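A.B. asks: Please put together the full structure from these sequences, using the hints given.
Quick mapping for you: the protein sequence lines, in order, are chains A and B. Anchor point for the first sequence: position 66 equals 66 in the numbering used here, and the numbering is continuous, going up by one each time. Anchor point for the second sequence: position 97 equals 97 in the numbering used here, and the numbering is continuous, going up by one each time.
Simulated from the structure, these hints should not be mistaken for laboratory data. None of these values were measured; they are calculated from a predicted model. Idealized CB from N, CA, C, for every residue including glycine.
Among chain B residues calculated to face chain A with C-beta under 7 Å, some are:
no.	residue
1	VAL21
2	GLY30
3	THR50
4	LEU54
5	ASN69
6	GLY72
7	LEU76
8	THR79
9	PHE83
Heads up, incomplete: computed chain B residues facing chain A, CB under 10 Å, no partners named:
no.	residue
10	GLN25
11	SER49
12	PRO71
13	ALA75
14	LEU135
15	ASP139
Listed below, chain by chain, are the residues.
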Amino acid sequence: MRNLIDFLIKHHAWIFFIFYVAMSCILLFSSNPYQRSVFFGSSNRVVAQVYETTNAVSGYFGLRKANEELLMQNGELAMENLQLRRQLQRYSYAAAADSLAQSDPMLQQYDFVLARVINNSVSHLENYITLDKGSADGVEPEMAVVDHGGIVGIVNVVNEHNSVAISVLNTKLHVSCKVKGTDCFGSLVWDGRSAAYAVLEEMPRHVEFVPGDTIVTSGFSAVFPDGVMVGTIHDYAKQKDDNFYAMQVKLSTDFARLGAVRIIKNYTQDQQQLLEKEARK
Amino acid sequence: MNINLLREIGIALLFVLLQAVVFNQIHLFGIAVPLVFIYVIFRMPLSLSTAWLLTVSFFLGLAVDIFSNTPGMNALACTVFAFLRRPVLSLYLPHGSDYVAEIPSIRGFGMWLYVRYALTLSLLYCVLLFSIESLSLFDFPYLLMRIVGSTLLTFVLILCIDSLSQGREKRL
Chain A
1 MRNLIDFLIK
11 HHAWIFFIFY
21 VAMSCILLFS
31 SNPYQRSVFF
41 GSSNRVVAQV
51 YETTNAVSGY
61 FGLRKANEEL
71 LMQNGELAME
81 NLQLRRQLQR
91 YSYAAAADSL
101 AQSDPMLQQY
111 DFVLARVINN
121 SVSHLENYIT
131 LDKGSADGVE
141 PEMAVVDHGG
151 IVGIVNVVNE
161 HNSVAISVLN
171 TKLHVSCKVK
181 GTDCFGSLVW
191 DGRSAAYAVL
201 EEMPRHVEFV
211 PGDTIVTSGF
221 SAVFPDGVMV
231 GTIHDYAKQK
241 DDNFYAMQVK
251 LSTDFARLGA
261 VRIIKNYTQD
271 QQQLLEKEAR
281 K
Chain B
1 MNINLLREIG
11 IALLFVLLQA
21 VVFNQIHLFG
31 IAVPLVFIYV
41 IFRMPLSLST
51 AWLLTVSFFL
61 GLAVDIFSNT
71 PGMNALACTV
81 FAFLRRPVLS
91 LYLPHGSDYV
101 AEIPSIRGFG
111 MWLYVRYALT
121 LSLLYCVLLF
131 SIESLSLFDF
141 PYLLMRIVGS
151 TLLTFVLILC
161 IDSLSQGREK
171 RL
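C.D. replies: Structure representation (structure tokens):
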């Protein structure tokens, strides 16, 4: 017993060292991004408060640019609205002719919540985005996050007034995407280098495309709706096994300057996942 | 004693907040991140027992982790880093000689010794942190660039901060 106590006192520095290293390793290797503890992330109440306070100041810096972008988008939407109204008018004449018009349930499949980004990083290999809306506003895990440029990420952890989303700039996130106009899909993943580019893997070699083609989400994962803008093809190369292409995609979202985002709710997501689970049995 | 302790805790909290709010947002040329909060470990008294040094470092790393969503990463790097601080310092001191000053600073150590001390420790911390980070995705040339870039940026900023705090103490 005495020897044991002597040993402990003599080597207490080493024991402390090993204890703390073990603690860190438990934290480091046990936390997977989908089940991250609410205490050790920026959805922690105190941390979120700090970021909200600083965002209240830094949020003003990008206002001029944000305003310009909104005006631009507003103009585009007004044009689209005009076109749609003209089309609608044309169809309403046709509908009046054969009164079979029914409301389309698919149109009500999606709904969205507006949120502000209060913390964001692009410098790690696994980046997360903290948003100022939480379960009180109807945000739930697995909801899609997009901004005016394109896809941003997927909601991961939610508390009452804040939520944390996994950024597309996270090497653990894979998003199912396709070349617009074709039905061949691949998996978009970040290579950890530049915040402006990501890699679209596993594209079949027979698909025809040229650099500059648009990449959109495929809608297969039930998180992102079909056809959300992702970016444009910048470059492509054969993958190791020669049967697939890997494309470098220039992301249309500017991750260094995220401001207002939309969190999209897919009402049929649960049903689709349930159905797919059933099919795998 | 108590006022000193409170002041040290205040400084540590200030550096955690600065790191979270200001320095984590800096990402120079897409590779270099300044890890300025390790200055808190740099300037801990040399007479402090290893157990205390490790405890403070672990919680410092954990606090920064919580703010940057990287649980365990900085905590592990800080613990190993704090453990290696004294061996690194004794590398630069003549064998058997006593420590030059109680708290490492440019004034206590002299410019040349402090530059070597700070550069080695910055490099050590960047190697530790980015190696731990690259466990999830290994990309050697990029890893090397990040280590070199971040080391230089951290080193320069820490030298600046140390010169500033020195100026203030002289006036007092």
